[in-house]
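Protein chains: 2
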Amino acid sequence: MIDQTRLPAELVYLRIRDVRALWTAIQTLQVRGAPAIGIAAALGIVIAAQNAAPASTAKLAAAVEAAADYLATSRPTAVNLFWALDRMRRVAAASQALLPAVFLDRLAAEALRIRDEDVAMCKAMGRHGATLLRDGDTVLTHCNAGGLATSGYGTALAPIYTALEQGKRISVYADETRPLLQGARLTAWELMEAGVDVTLICDSMAAHVMKTRGISAVMVGADRIAANGDTANKVGTYGVATLAAAHAIPFYVLAPSSTFDFSLKEGSQIPIEERGSDEITHSFGRPHAPKGVKTFCPAFDVTPARLITAIVCEKGVLRPPYETSLKKAVAPTGDNSSPNPPIITRGK
Amino acid sequence: MIDQTRLPAELVYLRIRDVRALWTAIQTLQVRGAPAIGIAAALGIVIAAQNAAPASTAKLAAAVEAAADYLATSRPTAVNLFWALDRMRRVAAASQALLPAVFLDRLAAEALRIRDEDVAMCKAMGRHGATLLRDGDTVLTHCNAGGLATSGYGTALAPIYTALEQGKRISVYADETRPLLQGARLTAWELMEAGVDVTLICDSMAAHVMKTRGISAVMVGADRIAANGDTANKVGTYGVATLAAAHAIPFYVLAPSSTFDFSLKEGSQIPIEERGSDEITHSFGRPHAPKGVKTFCPAFDVTPARLITAIVCEKGVLRPPYETSLKKAVAPTGDNSSPNPPIITRGK
Chain A
9 MIDQTRLPAE LVYLRIRDVR ALWTAIQTLQ VRGAPAIGIA AALGIVIAAQ NAAPASTAKL
69 AAAVEAAADY LATSRPTAVN LFWALDRMRR VAAASQALLP AVFLDRLAAE ALRIRDEDVA
129 MCKAMGRHGA TLLRDGDTVL THCNAGGLAT SGYGTALAPI YTALEQGKRI SVYADETRPL
189 LQGARLTAWE LMEAGVDVTL ICDSMAAHVM KTRGISAVMV GADRIAANGD TANKVGTYGV
249 ATLAAAHAIP FYVLAPSSTF DFSLKEGSQI PIEERGSDEI THSFGRPHAP KGVKTFCPAF
309 DVTPARLITA IVCEKGVLRP PYETSLKKAV APTGDNSSPN PPIITRGK
Chain B
9 MIDQTRLPAE LVYLRIRDVR ALWTAIQTLQ VRGAPAIGIA AALGIVIAAQ NAAPASTAKL
69 AAAVEAAADY LATSRPTAVN LFWALDRMRR VAAASQALLP AVFLDRLAAE ALRIRDEDVA
129 MCKAMGRHGA TLLRDGDTVL THCNAGGLAT SGYGTALAPI YTALEQGKRI SVYADETRPL
189 LQGARLTAWE LMEAGVDVTL ICDSMAAHVM KTRGISAVMV GADRIAANGD TANKVGTYGV
249 ATLAAAHAIP FYVLAPSSTF DFSLKEGSQI PIEERGSDEI THSFGRPHAP KGVKTFCPAF
309 DVTPARLITA IVCEKGVLRP PYETSLKKAV APTGDNSSPN PPIITRGK
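From first to last, the protein sequence lines are chains A and B.
Following our numbering, the numbering of the first sequence begins with 9 at its first residue and continues without gaps.
Following our numbering, the numbering of the second sequence begins with 9 at its first residue and continues without gaps.
These are computed hints drawn from the structure, not numbers from a lab.
Keep in mind that this is a model prediction, so the values were computed, not measured.
Cβ coordinates follow ideal geometry from the N, Cα and C atoms, glycine included.
Don't take every hint at face value.
[Stated by the list, open to error] Below 25 Å or equal to it, Euclidean Cα-Cα: the simulated BS3-like pairs (lysine-lysine) are:
1. B:K302 <-> A:K219
2. A:K131 <-> A:K67
3. A:K219 <-> B:K131
4. A:K302 <-> B:K219
5. A:K176 <-> B:K67
6. B:K67 <-> A:K219
7. A:K273 <-> A:K336
8. B:K219 <-> A:K273
[Said to hold, decoys possible] Residues from chain A that keep clear of chain B, each with C-beta distances beyond 10 Å, as calculated:
9. V99
10. V127
11. D145
12. P187
13. R193
14. V243
15. G247
16. G284
17. H296
18. A297
19. G300
20. C305
21. T332
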């Protein structure tokens, strides 16, 4: 996978061969973006089992459990991580009676299925989200919820890519997204690579841009969405949503239904990761703040549902009240649904 | 004066000996902060006249005019620059009949008077502003409107210093203030030097901090205030004001009355400086954004008067409607007022 910490200076691919290296890659944001973290974790479970082989199926299953417990400690906020690990655990549990080689095949198939589903979900989100964009629109986005955050088109950027394929002209303002500059390093990079008209701004300029530059819509991703629609995403999203409401600009969250967490009634229950002060006080390892300064560095914030115009998932454009629209979107409807909502399985 | 671009790594004093060096110091933000720019420009006029001597008074006066025209091109938004240059021009015009040495003395006295008035105005703003703070309050500020931005206590930080002297316990959250990190480099530094409990955050975290950390008030400076109270200040201020309103947190602007510009009816008439894209795309000279990325880099934004709870100047705490309260604050009231409002002269 691409080492996202090296972009945009260098395009470097990482080869991950053990679970410890994967844990570090997730923790240090070499791979980031909620869907991409989930896919990486699922593949990490396969690596754990492969590294334990040859051994009995019971031993492989134990290795899977240990790896899942370990990888679950890498980052706390994005629910896709736990969702993907749970899917892998369930496949392992259901495969205990199989030969070791078949057990491994089942795990690999599930991990690749998670990846393929992600590609399909991104395309579906792009299709649904593009209905919200007209020719000539200008979208403001925060952080990176593009192809780099997924294995496909991305979530927040998927409607932009789809709209462009449909011949619509779409411009983008990208918040640089302090402290780690995912907007400057990743979003600007991938949109420029795709030939999209993108303008980079500092996060603090978003309000002025909304007032003076004709923003048609805000589109962002999500790391976890509570049952009532409250949405955890990269810190700064809540501020952007508040500013969008003040300027009567629609605010859209784009995320696969694997991001929905029905075990949480509202956003205040979502754990918010705090990261090290170096992310605020240093650039390229050099300090730009006084030595020993106290910092507060939440990696995420929670946008209340009332500020969200719509949540776009692979099932469609969901509108308030989200208590009902989110549940309805993931309810079993027949041939292509999982028996265990909120997990959506596809292509079976 | 302190080279503010070297802080907090190094405390370096600049010796400015010619007008060109001063123009560069203002343009490159070695000296920044609206009041400090005005004082520096006034002293620059003295330098220009000193460097032209020995010569006739007419020649010195011509040097003053040329230097004032030149320094006025260094930065466009802070009105204190033009205000200070106009004061120096008027003293020069009124001193044309004097001997060269006396002409020089008059100029130097006026420049030092501008500086001394600034010290007194900062103290007065601190006294008035401290009435808005209670023991245990937490203030959020944006950019640097502290001692470094003035020749005294600062503007936005003056009430904090005064409240602390009064024995109140005040904590501060400082927005780092991208792109040039004046909050991280300057505000955090000077508050730490003064022993104030300060926590540094990224600009994008202000909304989350307002929601979760009990912010009592926002205090910011200003670069220009139109007749209706619309206020230009460091980019991001308008966003912070919008967020403060959404969280029912009082939003205070602190600025000397020299910041009032009654020639402008409203904020949309204030010229907004745009700066180079390197400020967004590079850190310490190293790029962190893709090469050639398009940027938009306004240095200021305009906060509409309706979002401002009060404007604190050296005359007191001014409340809406600002059309009347601003004018009233600078109206001639007798012994200590200038005959030419909005210019306040003191200590005569």
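Subject >> Which numbered hints fail >> reply: 2, 3, 5, 6, 12, 13, 14, 15, 17, 18, 19 and 20
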